Amino acid sequence: MSNSAYEIMIPPPAKKVKLNEIENEDRLSDLPDCIILHILSFIKTKQAVQTCVLSSRWKDLWKLIPVLIFYSSDFGAYKKFTRLVSKVLSLRDSSISLHALDFKRSNDRFEPNLKRIVNYAISHNVQRLRLYFNGDIAQIPPTLFSCHTLTYLKLFIYPDQGHKTPFPKSLDLPALTCLKLGHFEFCVGDDDRAEPFSKFNRLNSLSISSCTVRGGKTLCISSATLVNLTMYNYRYNFYKIELCTPNLCTFVFTGAPYQRLFGSNVSSLKHVVIDAVVIPYDSEPPLFLISWLQEFANIKSLTVTATTLQVLSLFPDLLKIKLPSLNNLKSLKVKMEEISYGFRLTLRDAKLRKAKSQKEAAWIRKAFKAGLEPSSLIPDGVVDFLLQNSRSAEVDFVDRSKKPLE
Amino acid sequence: MAAEKSSIKIITLIAADGSVFEVEPNIVKEMKTVQSYIDELDQNTVSIPLPNVFGNDLAMIIEYCKKHASEEETKEAKEEFDFEFVKRMKSDDKLRLLQAASYLNMESFLQFMAKAIAAEIENQSVEFVRDYFQIESDFTPEEEAELRKENEWAFK
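Heads up: the protein sequence lines correspond to chains A and B, in order.
Per the UniProt record's numbering, the first sequence runs over residues 1 to 406.
Per the UniProt record's numbering, the second sequence runs over residues 1 to 156.
So here's chain B without its partners, still in its complex pose (with noise of 0.2 Å):
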C-alpha cells in the first residue's frame, strides 16, 4: 500500500563481501534495480544483498549519490565533487564502478564513469585503446590490415 511504502526509513545494503551500509531511501532512487525491490514491499526496513558490488565501490557509490540526492549542495558543489572523485580514482576502478553502475542500473552515474573512462582513452591510439581494455585481437595481422585500408578515411 501507498501509505506504508512511504514509511520505509533505512535500506540495508549488504556488499559482495558482507559489509553492510545503511542508507535513506533517497539515496537509493538513482539504484533502480535496488528501487523496483523496495517498490514491491511494504516493510519498514529492508535489507538487500548485492552479491555483484564489493564494499569499497558501493562505498563510493553511495558518497556519490549522497552528495548528488542533497538539495543544499549548489550545481559548481557538485561539480567539483565530481572532479575530484574521478581524479582519486585508477582506471581498474572505473571500469569496475562502470560494470557496477550498470548491475545497479543508475542511469547517471553509469554516464558520469563512461565519461571518464572515455577521458582517458580519447585521442589515443588503437595500440592504447586495445591495451587500456586488454582486447585479445582475434584478428590475423593480414585481416587487420584489410580493416584498416578499408577504412583508410578514419585513420588519416
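Bound conformation, chain A alone (with noise of 0.2 Å):
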C-alpha cells in the first residue's frame, strides 16, 4: 500500500448542520434532544421546567434532564420552594437516572423534602451531589454514606449556633473522587489524631472549608490517591494538619494560616497556592506561614497574594532566616491586591510594638492615617528571601482585580 494520504469520508448526519444564519428556522431544531438536554443541565430546575410552554417539543423535556439543580435563593418563599421540589419530583420521568444533584436551603428551618430528594438521587444512581443547609446531620438519610454511585460529594451544613457538625464516622464510597466538606468537626481517636480520609481509595480532590479538629488536635490527610487539596479558613480554628499524601500535587490555601502544618510525606507537591489573611482586627495573629513554607520542598511553583507576603513578614526577623525548602521553584506569582482595613490595623500595631521612640511611634500612627502604611504593597526584600535557594525562579506580578485567585 501507498503511503500517500487516505480519504475517508466520514458519512454527515442525517440532516445537515445548518451553516446559513439567514434561515431563520429554530436554532435548536437540527439538534438532537440530548445536546438540549446538555444545556438544560446547566440551568435551575425552576426555570428548566419553564421551558415547557416553549413548544411541544420542549414540553415534556425538562423531565428527561439529567441533573436537578434546587436553590431556595430563586424562591420569594421557602413554601414554594418546597411546593417546587415535590411537583419535580412526583413529574420527573422515573425512568431516567439523575446524574447530578445540586441543592441549596439557605434558611435555618427544616427542610421536610430533604430526606426524600436525597432518597431519590440515591435510587437513581446519583453521581454528583451538592447539598448544602441548614441543621442536623440526621435530615440526611444514612444510606447516603454507603452509595456506591458517587463520585462527587459536596456537603456543607450550616450548624445552629455555630455548632460543627461531627464528621460521620463510618463511611462508605467506594467510587468518590472529588470531596468537599463544609464546617465539619473531625472526631479524634486515642492517639489525638483524626484520620478520616484514608477510606477512601479512589480520592482525587479533597476541599475543607471552616472545618476544626475536636480538641485542637491533628488532622492527618492520609491519601495515596489525592492529587488535589484546597483548605478555606476564615476563623479561629486552631489545629494541627499532618500531610501523609505522596502523590498530592497541589495545594490550595485560602484564609487565616492559623494550623501547624506537617507534611510528613508530600514528595509530589509542585503547585502551592497561598492566599492568606489574618483574621480582622487581630493585633497577634499566629505567626505558622514561615514553617509552611519549610515543607515545601520540592514544589516548582508558589502562587501568592501581596497581603500572604505582609503576614509573612510579621514574623520576627523573616529575612535573616535560611530556608531549608523552595531549592527547586521555577515560578513565584504575586498576585497584587489592596491590603484590607482591618490587616492594615494590624500591620499598623506590629510596627508600633517596634517602635524606639514616641516619636517614631507617632510618626507611624500619622502615616497610617494619611494612607501610607503600608508604604509598599510588597514588603522590602520578602521577594528575595523566597527566591534565596532559587535565583533562577520567574517571577511575575499579576494584577489581581483582573480575575479572582482560584
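Some hints here could point you the wrong way.
[To be verified] In silico lysine-lysine, DSS-like type, Cα no more than 27 Å apart, as pairs:
#1 A:K79 to B:K75
#2 B:K149 to A:K154
#3 B:K115 to A:K59
#4 B:K75 to A:K270
#5 B:K75 to A:K330
#6 A:K87 to B:K156
#7 B:K78 to B:K32
#8 A:K104 to B:K32
#9 A:K270 to B:K66
#10 A:K80 to B:K149
#11 B:K87 to A:K333
#12 A:K270 to B:K87
#13 A:K63 to B:K149
#14 B:K149 to A:K180
#15 A:K63 to B:K67
#16 B:K149 to A:K330
#17 A:K59 to B:K87
#18 B:K94 to A:K79
#19 B:K78 to A:K300
#20 B:K94 to A:K300
#21 B:K67 to A:K333
#22 B:K32 to B:K94
#23 B:K78 to A:K63
#24 A:K115 to B:K32
#25 A:K333 to B:K75
#26 B:K66 to A:K330
#27 B:K78 to A:K270
#28 B:K67 to A:K330
#29 A:K87 to B:K149
#30 A:K169 to A:K180
#31 A:K87 to B:K75
#32 A:K80 to B:K32
#33 B:K156 to A:K59
#34 B:K78 to A:K180
#35 A:K180 to B:K115
[To be verified] From chain A, some residues computed to sit far from chain B (all C-beta separations above 12 Å):
#36 A77
#37 F167
#38 L318
#39 S357
#40 K369
These are computed hints drawn from the structure, not numbers from a lab.
These numbers come from a predicted model, not from an experiment.
C-beta atoms are modelled at their ideal positions from N, C-alpha and C, and glycine is treated no differently.
Need the complex rebuilt from these two chains, each delivered in its own frame; the hints are there to steer you.
What follows is the structure, encoded as C-alpha cells:
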C-alpha cells in the first residue's frame, strides 16, 4: 500500500448542520434532544421547567434532564420552594437516572423534602451530589454514606448556633473521587489524631472549608491517591494538619493560616497557592506561615498574594532565616491586591510594637492615617527571601483585579 | 496493526469550506468521530473531510484542543484560556460550535459549550429563551396559558 494520504468520508448526519444564519428556523431544530438536555443540565430546575411553554417539543423535555438544581434563593417564600421540589420529584421521568443533584437551602428552618430528595437521588444512581443546608446531619438518610455510585460529594451543613457537625465515622463511598466539606468537626481517636480520609481509595480532590478538629488536635490527611487539596479557613480554627499524601500535586490555601502544618509525605507536591489573611483586627496573629514554607521542599510554583507576603513579613527577623526548602522553584507569582483596612491595622500595631521612640510611634500613626502604611504593597526583601535557594525562578506580578484567585 | 497505528504522525482535517488543518494525533483524541476512523487505519498520514464544520469553527476547536491537550499548561492557565475563549464569542458562534462538538462527538468540549450557552439564558425569561433559540411556538395563546396554569408552581 502506498503512503499517500488516505481519504475517508465521514458520513454526514441525516440532516446537514445549518450554517446559513439567514435561514430563520429554530436555531436548535437540528440538535437532538440530548444536546438540548445538556444545555438544560446547567440551568436551575425552576427555569428548566418553565421551558415547557416554548413549544410542543419542549413540553416534556425538562422531565428527562439528568440534573436537578434547587436553590431556595430563587424563591420568594420557602413554601414555594418546597412545593416545586415535591412537584418535580413527582413529575420527573423516573426511568431517567439522575446524574447530579445540587441542593441549596439557605434558611435555618427544616426542609421537609430533604430526606425524600436524597433518597430519590440515591435510588436514581446519583454520581454528583451537592447539599447545602442549615441544621442537622440527621436530616440526611444514612444510606447516603454508603452510596456506591457517588463520585463527587459536596456537603456543607451550616450549623445552628455555631456548633459544627461531627463528621460521620463510618463511610463507604468506594467510587468517590472528589470530596468537599464545610463546617464539619473531625473527631480524634485515642492517639489524638483524626484520620477521616484514608478510607477513600479513589480520592483525587479534597476541599475542606471552615472545619475544625475536636480539641484542636491533629487532622491527618492521609491518602495515597490524593492529587489536589484545597483548604479555606476564615475563623479562629486552631489545629494541626499532617499531610501524608505521597501523590499530592497541588495545595491551595485561602484564609487565616492559623494551623500548624506538617508534611510527613509531600514529595510530589509541585504547586502551592496561598491566599493568606489574618482575622480582621487580630493584632497578634499566630505566625505559622513561615513553617509551612519549610515543608514545601520540591515545589515548582508558588502563588501568593501581596497580603500573604505581608503576613509572612510579620515574622520577626524573617529575612535572616535560611530556608531549607524552595530549592526547585521555577515560578513565583504574586497577585497584587489592595490590603484590607483590618489587616493594615494589624500591620500598624506590629510596627508600633517595634517603635523605638514616642516620636517614631507618632510618625507611624500619622502615616497610617494618611493611608501611607504599609509603605509598599510588597514588603522589602521578601521576594528575594523566597528565592534564596532558586535565584533563577521567574517572578510574575499579576494584577489581581483582572481575575480572582481561584 | 498496533505498531503501525501508532506511527501516524500528522492528521489532515478538511473543513466544509475546503480549508485544511494539519494536526498531531493527540489533538484529535477528543474528537471521537475522527478518532474512530483513525483507529481503523494503518497509514502514516490520513486526511479526513469534515463536511459539517466550517474552517473558522474548526480552527477554534483545534485551538481549544491544543491548549487542553498540553501537559505543560497549568489548570489555572487552562481556565483562563476557557474564560477568554468564551468571552470573544457571540451567541451564534457558541451554538455553531455546540453543533460541531456534537457532530465531532467531543464530550468535554460539548459540555463546555453547553455550559457557556446555559450561562447566557440563565435567569432569563421564557420570552428571552424563545428569542435566543429562535423557537417558533406551535401553541395557541390559550394552550400556552393552560400550560402555565398547570405548572404555576414553576412560574412563581
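Q: Give me the numbers of the hints this structure contradicts, sorted from smallest to largest.
A: 1, 2, 8, 12, 14, 15, 16, 17, 18, 20, 23, 24, 31, 32 and 36
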